[in-house]
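Engineer: Here is how the chains run, residue by residue.
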Amino acid sequence: MNSPTTATSPAPLGAATLRAAPLLLALLLLAVFPAFGAKFYVDLAVKIMILAIFALSLELLVGQTGLVSFGHAAFFGIAAYVAALLTPKSEAASLWIVLPAAVGAAAAYALAVGALSLRTRGVYFIMITLAFAQMAYYVFHDTPIGGGSDGIYLYFRPDASIAGLRPFDLDAGHTFYYAVLACLVGTFGVLAIMLRSRYGHALAGIRVNEQRMRAAGFPTYAYKLGAFVLAAAFAGLAGFLHALKDGYVNPEILSWHQSGAVLLMVILGGIGSLRGAILGAFAFTMLQELFQWQAIFGSFAKHWQLMLGLTIIGFVAAMPRGLIGLADRLARRH
Amino acid sequence: MDLATFLIQCLNAVQYGLLLFLVASGLTLIFGIMGVINLAHGSFYMIGAYMAYALAPWVENWLGGGFFVTLAVGIVLSVLLGYLLEWLFFSYLYEREHLQQVLMTYGLILVFEELRSLLVGDDVHGVQAPDVLSGSIPLSDVMSYPVYRLFISAVCILLAIAMWFVITRTRLGMRVRAGASNREMVRAMGIDIRLLYRAVFAIGMALAALAGMIAAPVSSVYPGMGGQVLIICFVVVVIGGIGSIRGALVAALLVGVVDTFGKVLFPQAAGLLVYLLMAAVLLWKPEGLFKVG
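Order-wise, the sequence lines are chains A and B.
So for the first sequence, numbering that gives the first Met the number 0 puts the first residue at 0; every next one is plus one.
So for the second sequence, numbering that gives the first Met the number 0 puts the first residue at 0; every next one is plus one.
One thing to keep in mind: the hints can contain errors.
Far from chain A by the CB rule (all over 10 Å, computed), these chain B residues [to be verified]:
1. Leu38
2. Gln99
3. Glu112
4. Tyr221
Quick partial rundown of chain B residues pointing at chain A, CB under 10 Å, derived from the structure [as the list claims (entries may be wrong)]:
5. Phe30
6. Phe111
7. Leu117
8. Val119
9. Val123
10. Ile241
11. Pro285
12. Glu286
13. Leu288
14. Phe289
Since the hints were made in silico from the structure, they are not lab data.
Positions of the beta carbon are idealized from the N, C-alpha and C atoms, including for glycine.
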């Protein structure tokens with residue numbers, strides 16, 4: 000949890016461009032992908048990008064601030080529900096209302112949850128965030144506001160019209176794909192810049208030694224709360240996009256399984272680096288898809304979770320520092 | 000709510016709470032002593048329940064049958080399984096960070112669930128309570144209380160007393176307590192800490208499996224039953240204070256009461272109440288009711 004990170008340490012310019020190269024390459028690939036990929040794979044890419052935003056938001060908490068939240072799915076789910084509930088049954092809602100409302104709702108819940116749970120630490124923090132997420136889960140599961148355990152449909156993606164202009168149409172062609180890509184790039188950019196700012200360094204300081212940061216005059220509680228709310232807002236963005244992608248939300252997206260899965264992505268990729276979170280989301284989804292592939296596993300594909308579980312166990316045994324740690328180790332060898 | 004209903008709900012609350020205690024005590028022991036967050040603990044409960052279902056025909060064939068023989072066989076198997084699991088997986092986790100423990104035990108959950116699905120299938124099954132305990136005690140003209148539920152409570156109380164005795168009055172318990180407070184010192188005193196850990200883990204696993212076995216006739220066995228219990232038990236452990244057996248008992252009863260009466264009085268918010276309780280306790284005492292150390 001307290002492992003030093005390489006992501007925030009300054010690097011010489013040549014090394015910086017070298018480090019940016021794989022990212023730029025990935026971005027380029029993603030930008031041209033819809034032109035080549037079949038619909039199934041384009042949809043898969045959208046799913047991965049949305050999960051990557053979700054994982055990035057959790058990485059801000061787990062990897063950068065040292066706060067292990069086991070209830071991050073609540074913010075994802077709340078935003079998704081707000082998007083679905085604000086959309087009328089017969090027409091599209093305005094994007095410029097639904098998006099801020101969805102993200103705002105997630106952030107508002109995070110403000111309340113964070114203000115209370117940041118009083119605790121360690122395992123207790125893990126558990127209290129879980130408790131608040133379970134509360135949100137039961138609100139949507141047991142009460143009729145969101146269709147109960149059946150969930151609700153969202154029939155129309157929001158309309159982007161503003162002041163008589165219509166800059167883009169989320170239903171047309173690959174617009175939604177590029178919108179998700181833009182959100183991913185935006186999330187990564189905002190977090191990367193923020194982590195290089197004074198605030199980001201203060202968060203890293205809190206992760207390593209909170210007592211000392213407090214003694215140095217930093218309002219650590221407020222800083223952590225800020226990170227918590229910001230992370231929830233990005234998780235909300237991911238949840239909002241998820242609702243638009245599927246056109247359907249159910250309580251399972253708030254369940255502890257979802258919180259566990261996103262935590263897995265972050266750990267899988269490697270804690271302490273933003274690109275690790277993206278890599279983790281990619282690896283986790285691809286493993287899921289691979290093990291569900293009937294052409295390889297036949298009827299055994301039904302039991303894909305067995306393979307996933309064994310892979311995770313083997314992974315913990317062999318790669319304690321995540322995929323990004325493996326990449327670093329290979330890079331150092333050359 | 001008349002008196003008989005109230006009495007029945009009280010008995011139900013205590014029975015549920017005691018059953019939770021049985022699972023949670025293993026969880027809190029494993030966490031308090033070995034420092035391992037074991038997400039797979041709910042799977043042990045699930046394994047126990049499925050053993051009660053799947054072992055019954057075998058026991059019938061080979062040993063002449065009977066619920067209690069099945070219980071005994073199940074306990075022996077779960078101790079062995081716990082010993083094996085500790086040796087294969089958990090002994091590697093002691094020096095690792097909490098997050099890696101979470102990750103590996105999450106993987107174990109997936110493996111256990113799928114193995115269950117491969118071996119027994121995904122259907123819901125009922126388990127027959129033994130004939131001796133299948134009666135019920137009349138409380139009023141229309142209401143009665145099943146004897147089997149009293150049996151569950153009695154087993155749990157006996158085990159709680161046994162656990163208290165072992166931990167406070169025996170040499171093994173002394174070593175366990177010493178191991179919890181200072182691992183290195185215990186090792187330096189010449190006690191085989193690996194064996195101690197293995198024993199504690201196997202006992203914790205057996206407690207969870209036993210809870211699953213005796214709960215099976217009441218709750219029936221179904222996929223996903225482990226996950227449900229796991230989360231509630233974490234709530235219990237956290238409310239009680241991690242590592243504290245006494246805390247686990249108090250918290251389990253508290254959760255039992257809140258959950259049982261919540262379902263009667265506020266059916267709409269029943270799922271929520273337990274978590275509300277946990278949040279309230281943690282805000283009042285951020286390290287649980289009975290902080291250890």
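Engineer: All hints, please: hold or fail.
Structural biologist: Hints, verified against the model:
The non-interface label for Leu38 (chain B) is inconsistent with chain A: the shortest C-beta to C-beta separation is roughly 8 Å, within 10 Å. For Gln99 (chain B), the shortest C-beta to C-beta distance to chain A comes to about 5 Å, within the 10 Å cut-off, and the non-interface label is violated. Against the 10 Å criterion, Glu112 (chain B) falls within the reach of chain A, whose nearest CB is about 6 Å from its own CB. Once the 10 Å rule is applied to beta carbons, Tyr221 (chain B) is consistent with being away from chain A; the minimum gap is 16 Å.
Checking Phe30 (chain B) against chain A by beta carbon gives a least distance of about 8 Å; that is within 10 Å, so the hint holds. With a least beta-carbon distance of about 8 Å to chain A, the hint placing Phe111 (chain B) at the interface is held under the 10 Å criterion. Using the Cβ-Cβ criterion of 10 Å, the hint placing Leu117 (chain B) at the interface with chain A is satisfied: the shortest such distance is roughly 6 Å. For the restraint placing Val119 (chain B) at the interface with chain A, the shortest Cβ-Cβ distance is roughly 13 Å, beyond the 10 Å limit, so the hint is violated.
The interface hint given for Val123 (chain B) is violated, since its Cβ lies 17 Å from the closest Cβ of chain A, which is over the 10 Å cut-off. Satisfaction of the interface hint for Ile241 (chain B) is found here, the shortest Cβ-Cβ separation to chain A being roughly 6 Å, below the 10 Å cut-off. Against a cut-off of 10 Å between C-beta atoms, the interface hint on Pro285 (chain B) holds, since the closest Cβ of chain A lies about 4 Å away. Because the beta carbon of Glu286 (chain B) sits about 6 Å from the nearest beta carbon in chain A, less than 10 Å, this interface hint is met.
Interface restraint check for Leu288 (chain B): the shortest CB-CB distance to chain A comes to about 12 Å, outside 10 Å, so the restraint is violated. With its C-beta approaching chain A no nearer than about 14 Å, Phe289 (chain B) sits outside the 10 Å limit, and its interface hint is violated.
Consistency note: the structure conflicts with the earlier hints numbered 1, 2, 3, 8, 9, 13, 14.
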